[in-house]
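J.: In the order they appear, the protein sequences are chains A and B. Heads up, the first sequence is in this note's numbering, so the first residue is 1 and it goes up one at a time. Heads up, the second sequence is in this note's numbering, so the first residue is 1 and it goes up one at a time.
Bear in mind the hints are in silico, worked out from the structure with no lab data behind them. A few of these clues could be false.
In the DSS-like style, the derived pairs of lysine-lysine whose C-alpha atoms are separated by at most 30 Å in a straight line are [to be verified]: (1) Lys21/A - Lys243/B; (2) Lys193/B - Lys123/B; (3) Lys217/B - Lys243/B; (4) Lys193/B - Lys21/A; (5) Lys193/B - Lys247/B; (6) Lys214/A - Lys226/A.
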Amino acid sequence: MSESERKNELNRRQFLGNMLKTACGVGLVGLGLGAYSKRASSMPANYIRPPGALPEEDFLGACIRCGLCVRDCPYDILFLGEVGDEVATGTPYFIARSGPCEMCEDIPCVVACPTNALDHDLKDIEDSRMGLAVVIDQESCIAFHGLRCEVCFNVCPIRGRAISLDMQHNTRSGKHALFIPVVHSDACTGCGLCERACILEEAAIKIFPMHLAKGQLGKHYRLGWKEKDRAGEALVTPDAEHRYNLPEGVRYDLQGEGLIIEGEAEETPFSSNPLDTLNSGFMDK
Amino acid sequence: MVDMTTLGDDAIATKGWYKSHRFLILRRLSQLGILALFLTGPWFGLWIVKGNLASSLTLDVLPLTDPYVLLQAMLSGVVPETAAIIGVVIVLPFYILVGGRVYCSWVCPVNMVTDLAAWLRRKLGIRTTSQISRTTRYWMLTLTLILPLVVTGGIVWELVNPISMMFRGIVFSMGAAWIMIAGIFLFDLLVAKDSWCGHICPVGAFYNLVGIKSLLKVNALQRQACNDCMECYVVCPEPQVIKPALKGERKGPESRDSLF
Numbered sequence: 001m002s003e004s005e006r007k008n009e010l011n012r013r014q015f016l017g018n019m020l021k022t023a024c025g026v027g028l029v030g031l032g033l034g035a036y037s038k039r040a041s042s043m044p045a046n047y048i049r050p051p052g053a054l055p056e057e058d059f060l061g062a063c064i065r066c067g068l069c070v071r072d073c074p075y076d077i078l079f080l081g082e083v084g085d086e087v088a089t090g091t092p093y094f095i096a097r098s099g100p101c102e103m104c105e106d107i108p109c110v111v112a113c114p115t116n117a118l119d120h121d122l123k124d125i126e127d128s129r130m131g132l133a134v135v136i137d138q139e140s141c142i143a144f145h146g147l148r149c150e151v152c153f154n155v156c157p158i159r160g161r162a163i164s165l166d167m168q169h170n171t172r173s174g175k176h177a178l179f180i181p182v183v184h185s186d187a188c189t190g191c192g193l194c195e196r197a198c199i200l201e202e203a204a205i206k207i208f209p210m211h212l213a214k215g216q217l218g219k220h221y222r223l224g225w226k227e228k229d230r231a232g233e234a235l236v237t238p239d240a241e242h243r244y245n246l247p248e249g250v251r252y253d254l255q256g257e258g259l260i261i262e263g264e265a266e267e268t269p270f271s272s273n274p275l276d277t278l279n280s281g282f283m284d285k
Numbered sequence: 001m002v003d004m005t006t007l008g009d010d011a012i013a014t015k016g017w018y019k020s021h022r023f024l025i026l027r028r029l030s031q032l033g034i035l036a037l038f039l040t041g042p043w044f045g046l047w048i049v050k051g052n053l054a055s056s057l058t059l060d061v062l063p064l065t066d067p068y069v070l071l072q073a074m075l076s077g078v079v080p081e082t083a084a085i086i087g088v089v090i091v092l093p094f095y096i097l098v099g100g101r102v103y104c105s106w107v108c109p110v111n112m113v114t115d116l117a118a119w120l121r122r123k124l125g126i127r128t129t130s131q132i133s134r135t136t137r138y139w140m141l142t143l144t145l146i147l148p149l150v151v152t153g154g155i156v157w158e159l160v161n162p163i164s165m166m167f168r169g170i171v172f173s174m175g176a177a178w179i180m181i182a183g184i185f186l187f188d189l190l191v192a193k194d195s196w197c198g199h200i201c202p203v204g205a206f207y208n209l210v211g212i213k214s215l216l217k218v219n220a221l222q223r224q225a226c227n228d229c230m231e232c233y234v235v236c237p238e239p240q241v242i243k244p245a246l247k248g249e250r251k252g253p254e255s256r257d258s259l260f
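Start from the sequences, fold in the hints, and give me the full structure.
T.: Below, the structure written as structure tokens:
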């Protein structure tokens, strides 16, 4: 081997060695980055993405962290994730309790997005699904105690459809109604106005990301009565009408009336309307 | 050996302070000026440029988008909006023509940090240096382009990119981003000379490739006047570009790493 060949050999070895060293170092960096990105893609449940945000995995690929949505939000509710936050660095989010989405009709944050991370196909803010409101704590929501509140129902921008009030019997007092707020996922946008408005120290109604808030029925499940409606007839053995062995002139109503004794109404001295009795006062006596 | 205590004295004596520092001053004006354009909005409510270096909108009409960030987004499967495409169509030809690493020296805010580290190294006479290959940055670049393809976390590099962090930190909110900046500063100061920008940073590597055929190059017009004081080699973070310009046969440098 000549001198120059030996020198070349040495250089080649050095070159290969250096390259391997660099590749290993960069590979390690890559491993670290990959692991870190996994951690960064799990957001806290109360961090909500702006309207039109793609599903989280796609969003993290599409969002270039420019902050234009933050700048164009007229209510300044959006923040960019900081280093150390449990949200991917530089990506936008809002916190419903302190600053909910005000549901602008022209959706300026979506218009500002240069990469479609906020989907430009979203034209009607009522179609957005930032998350879902959930009445998470029925023990502290005062509606469940029979107290009148209905604040979440009243501030809801899609009042009546996203949140409705379900009147239920108050078993404690025996004579009042409970006005229970019920959220409907087919209308709720997850804007968070209800969560901010909740009068409790800690909100009983909260916005959660869709994947945390929603359950899903097994795909094989069929609801018999819906299938029956759709088909126009029972798909299995037709329902036999239930027969009660009751005396003559007595019926049973399954929808809540209970036992009905025909002709009885005429025998009672009282009107079916209790107000008639009250209004009649002592005059009859 | 160049005497660090008298470094630059000759140049200042013959050309004057301003002429010796004019490119440094212009670069700082450019870097700080760009930051200022982004800051008049949040500070004074006067919106000239919105967004940050990744993507911005000037005076509500001119979109500018970083081609490197958009490339990563597209690798993770994104079809960008028109604004981002127009933004890249404006930015990319600019750097192709004037040289990609003009981004590093005239725009990037981290350059101010690494320049400060290099200056302090000279002043304090710190000589420690670890060998980091200049090819490391291309490995890094490859890595940042592969990660969006294989990892579900999307644009992975943007989780740690110190340029975005520093710029966003100043224009939006800093958070703990200063730790990253301080890390680069200390690494450049104590561990390896001019290590980050020219050796590791994949953004620099990307822009270097963009400017591979740039029209603008370093030139030494009066090369015969060179007295071999070697001070330029000490000051320059990319000294490999000087030799071809100063001593080479051709008029322009062979390297594309010209930062001015």
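J.: Please go over all the hints and tell whether each is borne out by the structure.
T.: The hints, checked one at a time:
1. Lys21/A - Lys243/B: 28 Å, holds
2. Lys193/B - Lys123/B: Between Lys193/B and Lys123/B the Cα gap is close to 13 Å, so the pair holds against 30 Å.
3. Lys217/B - Lys243/B: 13 Å, holds
4. Lys193/B - Lys21/A: 19 Å, holds
5. Lys193/B - Lys247/B: Answer holds: Lys193/B to Lys247/B is near 24 Å, not above 30 Å.
6. Lys214/A - Lys226/A: Within the cut-off at roughly 21 Å; holds.
Comparing the model with each numbered hint stated earlier shows that all of them hold.
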